[in-house]
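**Q** Taking UniProt numbering, I'd label the letters of the sequence shown as residues 1 to 66.
Some hints here could point you the wrong way.
[What the hints assert, rightly or not] Computed Cβ-Cβ distance ranges for the label pairs, DEER-style:
id, residue 1, residue 2, range
1, Ala58, Ser38, 26 to 32 Å
2, Glu4, Ala58, 21 to 27 Å
3, Glu15, Ile46, 17 to 23 Å
4, Pro40, Phe19, 19 to 25 Å
5, Pro40, Thr5, 34 to 40 Å
6, Asn36, Glu4, 39 to 45 Å
7, Ser38, Glu4, 41 to 47 Å
Calculated from the structure, these hints are not laboratory results. Being a predicted model, the structure only gives us computed values, none of them experimental. Using N, Cα and C, we set each Cβ at its ideal position, and we do this for glycine too.
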Amino acid sequence: MTEETVVHIGENSPEQVAFKLLEKIMRSENKGVGFNDSGPNRADRIYILDTYAECLIAVRGYRQTD
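Kindly produce the complete structure, drawing on both the sequences and the hints.
**A** Shown next, in the form of structure tokens:
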């Protein structure tokens, strides 16, 4: 039996909620991706991907708290 790929489209998908959480975290940490953002305020690729991954884990309920 093959598994079907599920695509979540909409406001309440885990991916969308994680993205919105990423945006809120970036705002709270004063990070940006625009041309005017530089130095410590510039969010690089690693920051964005790692933070989004952490958000997605949290949204899915798998985030471990230490």
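**Q** Measuring from beta carbon to beta carbon, are Glu4 and Ala58 in 21 to 27 Å?
**A** 26 Å, holds
**Q** Just tell me: holds or violated, for the beta carbon distance of Ala58 and Ser38 against 26 to 32 Å?
**A** 29 Å, holds
**Q** Does the beta carbon distance between Glu15 and Ile46 stay inside 17 to 23 Å, or does it fall outside?
**A** 20 Å, holds
**Q** Can you tell me whether the CB distance of Asn36 to Glu4 sits inside 39 to 45 Å?
**A** Given a distance of about 43 Å, which is inside 39 to 45 Å, the answer is holds.
**Q** Ser38 and Glu4, beta-carbon distance inside 41 to 47 Å?
**A** For Glu4 against Ser38, whose Cβ atoms are near 44 Å apart, the range 41 to 47 Å holds.
**Q** 19 to 25 Å was suggested as the range; check whether the CB atoms of Pro40 and Phe19 agree with it.
**A** 23 Å, holds
**Q** Per the hint of 34 to 40 Å, is the separation of the Cβ atoms of Pro40 and Thr5 within bounds?
**A** 39 Å, holds
Checked against the numbered hints given earlier, this structure breaks none of them.
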